[in-house]
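Line by line, the protein sequences are chains S, G and X. The opening residue of the first sequence carries number 1 in the working numbering; numbering runs sequentially from there. The opening residue of the second sequence carries number 1 in the working numbering; numbering runs sequentially from there. The opening residue of the third sequence carries number 1 in the working numbering; numbering runs sequentially from there.
It is possible that part of the hints are untrue.
The list makes no distinction among identical chains, and a pair is therefore deemed to hold if it is satisfied within one copy or across any two copies.
Subject to a maximum C-alpha distance of 25 Å in a straight line, what follows is the list of computed DSS-like cross-link-like pairs (lysine-lysine) [what the hints assert, rightly or not]:
(1) Lys142 - Lys30
(2) Lys30 - Lys145
(3) Lys62 - Lys25
(4) Lys208 - Lys116
(5) Lys62 - Lys208
(6) Lys30 - Lys264
(7) Lys142 - Lys264
(8) Lys208 - Lys142
(9) Lys31 - Lys208
(10) Lys31 - Lys116
(11) Lys116 - Lys145
(12) Lys31 - Lys264
No lab work stands behind these hints, which were simulated from the structure alone.
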Amino acid sequence: EETEREARGHHPSQGWRWMPHHLSKDALWKKIREEAAEDAVAEPTLASTLHSTVLVHQSLEKTMAFVIANKLASSTLLGTHLMRLCLDAFEDDPAIIDACNADLQAVIDRDPACDKYTQCMLYFKGYQAVQSHRIAHWLWQKGRKALAMALQSRVSEVFHVDIHPAVSIGRGILMDHATGIVMGETSIIGDNVSMLHHVTLGGSGTGKGTRHPQIGHGVLLGAGATVLGPVHVGEGTKIGAGTVVVADVPSHSVAVGVPARIIKSNKKPEPCQ
Amino acid sequence: EETEREARGHHPSQGWRWMPHHLSKDALWKKIREEAAEDAVAEPTLASTLHSTVLVHQSLEKTMAFVIANKLASSTLLGTHLMRLCLDAFEDDPAIIDACNADLQAVIDRDPACDKYTQCMLYFKGYQAVQSHRIAHWLWQKGRKALAMALQSRVSEVFHVDIHPAVSIGRGILMDHATGIVMGETSIIGDNVSMLHHVTLGGSGTGKGTRHPQIGHGVLLGAGATVLGPVHVGEGTKIGAGTVVVADVPSHSVAVGVPARIIKSNKKPEPCQ
Amino acid sequence: EETEREARGHHPSQGWRWMPHHLSKDALWKKIREEAAEDAVAEPTLASTLHSTVLVHQSLEKTMAFVIANKLASSTLLGTHLMRLCLDAFEDDPAIIDACNADLQAVIDRDPACDKYTQCMLYFKGYQAVQSHRIAHWLWQKGRKALAMALQSRVSEVFHVDIHPAVSIGRGILMDHATGIVMGETSIIGDNVSMLHHVTLGGSGTGKGTRHPQIGHGVLLGAGATVLGPVHVGEGTKIGAGTVVVADVPSHSVAVGVPARIIKSNKKPEPCQ
């Protein structure tokens, strides 16, 4: 893949791009159904789930809506309402389902422990949290703030990921393991960003304006990395595990330590791969 | 608010005090009902929840008991039992509901992303975890240790916050985001303490006596801050994100790093505001 | 206990050994029933739970299977299927229930806040996560990878602990508080290992081979400790809270800081006790 990308002069830090090895939306849906059908035969304990989650549905949109609704449903948020809400969002803004697909490709591209699309879609709470956030963000942009916050709260309860619904997130996102990820209200996340569990994009000060980080395309945030305040992490940069960042970090560099110091500059253009 | 406080010579590090801008218990309950009624009209998806959680109840106590019971109920802990338990606690010790109210005010005072009381009460797991802990602590003090530990366990499962029921916690507490907060058995938390997610108040040694930290009034503990052993963090002190504290920290200072070093002393009297 | 162990020349860093103060499997089951019966009388709110979880069952295996199944059951994984699965695993490989018992003893030996076996078995999500993992690992070894991953995902949702089903874990394990623990696919954990919440055993690189840590017998990993890559942490070593380890750490030493530096060597042979 690297060679393929480089031959085309494309780096993840330039933003998401569909690559020749990625599946089209139709091919992806076909592949997901094949995987589910195989697993349903091999493991009868999972057959009924795989049927109700994947095999009975007519489209990727319906399966994704079912997955999100099934996870977030509670005694106070009906699964049927949530499924309708997801389908409305997908219909109103096709960029949402496009981003769901890009994220599926990103996980397969970057996580060596994941070799099936269904594994990511059905079992990775980081993936499910990001797609749920895309629905909450759509609600927020429509001015439906109370419901957006109810979804944020359910995502935090169910997936242990707390993303304010105002946060803008790009395509090709990997949130691996995901427990404890927090992103404050005015954070902005570029494309091709990978982050591990316990990552914090936190605020500084108590004003109402921009007070959270902006993360460039292709950034990798290691486990427990903390970025505080309205700082900018440049594209293609890697922030090591446990690092605390309180100032801008230039593009294509590597930062580690508490507080962060830059140990490499303009070194490796694709850390998130 | 600062001016108001200062005019009265009051700092958060002196302990909780009801301020003129805070709502009385009756005014708070009236405001909560107004917020819920507005959201129920604006967002029909939430109407049934808002009715059963807020609008059908006659008092703040009943709404708070309903919220806690609904969140902690499981196949082995009935919601009706839990609601009865909360109401018993509120009746037996009115300081508990007073603290619930103080915490609501504290969140509105300090969290720029929160501008509604219902948002905090219904959707912030840190707030709900603290109020649930107050019930577990009441049980512990009554000698009902098995049930107190069952509640602690449910709080850890549902809110991802693990507070031993013996821990004493003051009023005006903000636990923001809250995932991964841990407080060991002999911890003591003052008033007006604010803490972010992943904060640990941990033990040292294996004895049965005091082995956890004491946190003074008005302290701010940043994301991922870890305080270990029977140390004292003085009032009004700020512990930076990712800091590891293993020794006393004086009042009104700022500590950062692994291990902590004090970078400012007696500087800013209200870090948690 | 220390004297007893030392008189026999046994240290935890030499691997798990049943000690004279430990209960036999039968005595342990008898003790668990006695504790449950006492609590059911003292706290009627818990009586029905204690009956259905402990008192109606004929063996430790059935109680353990009930606990795991009840916690992991969902709308897509039936509790009855899960209980059958656990009992199949215990029957097929008696070493699994032996390890469940060893872990119960380890928690009682090492956690000063725990003085009842039922408290650990019923209420400690770290204990429940490890025993659930043992079932997922058994499935993985049988080639039932899809179901193993479904269990891993449920453990991550319910207990906030993400352990790849391929990970090999020894006996006498304590995971205290447990929120946010992550162990990648090729990690190996020895006997008598104790770890606090937020511990990460993470990968380096993107290859498919060994890319995660190997943790020796008797190691203690403090809260938030992060060990990255195919490094070896020697037996009996203590890794301090918040430490980031990216290179081998010798046996019986103490490492702290970001990045880790070794502050004591060959000092204290039983840190996890």
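Going down the list of hints, with the structure as the test:
no.: 1; hint: Lys142 - Lys30; verdict: neither (33 Å within a copy, 28 Å between copies)
no.: 2; hint: Lys30 - Lys145; verdict: between (36 Å within a copy, 21 Å between copies)
no.: 3; hint: Lys62 - Lys25; verdict: within (13 Å within a copy, 46 Å between copies)
no.: 4; hint: Lys208 - Lys116; verdict: between (42 Å within a copy, 15 Å between copies)
no.: 5; hint: Lys62 - Lys208; verdict: neither (38 Å within a copy, 33 Å between copies)
no.: 6; hint: Lys30 - Lys264; verdict: neither (43 Å within a copy, 57 Å between copies)
no.: 7; hint: Lys142 - Lys264; verdict: neither (42 Å within a copy, 45 Å between copies)
no.: 8; hint: Lys208 - Lys142; verdict: within (20 Å within a copy, 43 Å between copies)
no.: 9; hint: Lys31 - Lys208; verdict: between (45 Å within a copy, 22 Å between copies)
no.: 10; hint: Lys31 - Lys116; verdict: within (9 Å within a copy, 45 Å between copies)
no.: 11; hint: Lys116 - Lys145; verdict: between (35 Å within a copy, 11 Å between copies)
no.: 12; hint: Lys31 - Lys264; verdict: neither (40 Å within a copy, 54 Å between copies)
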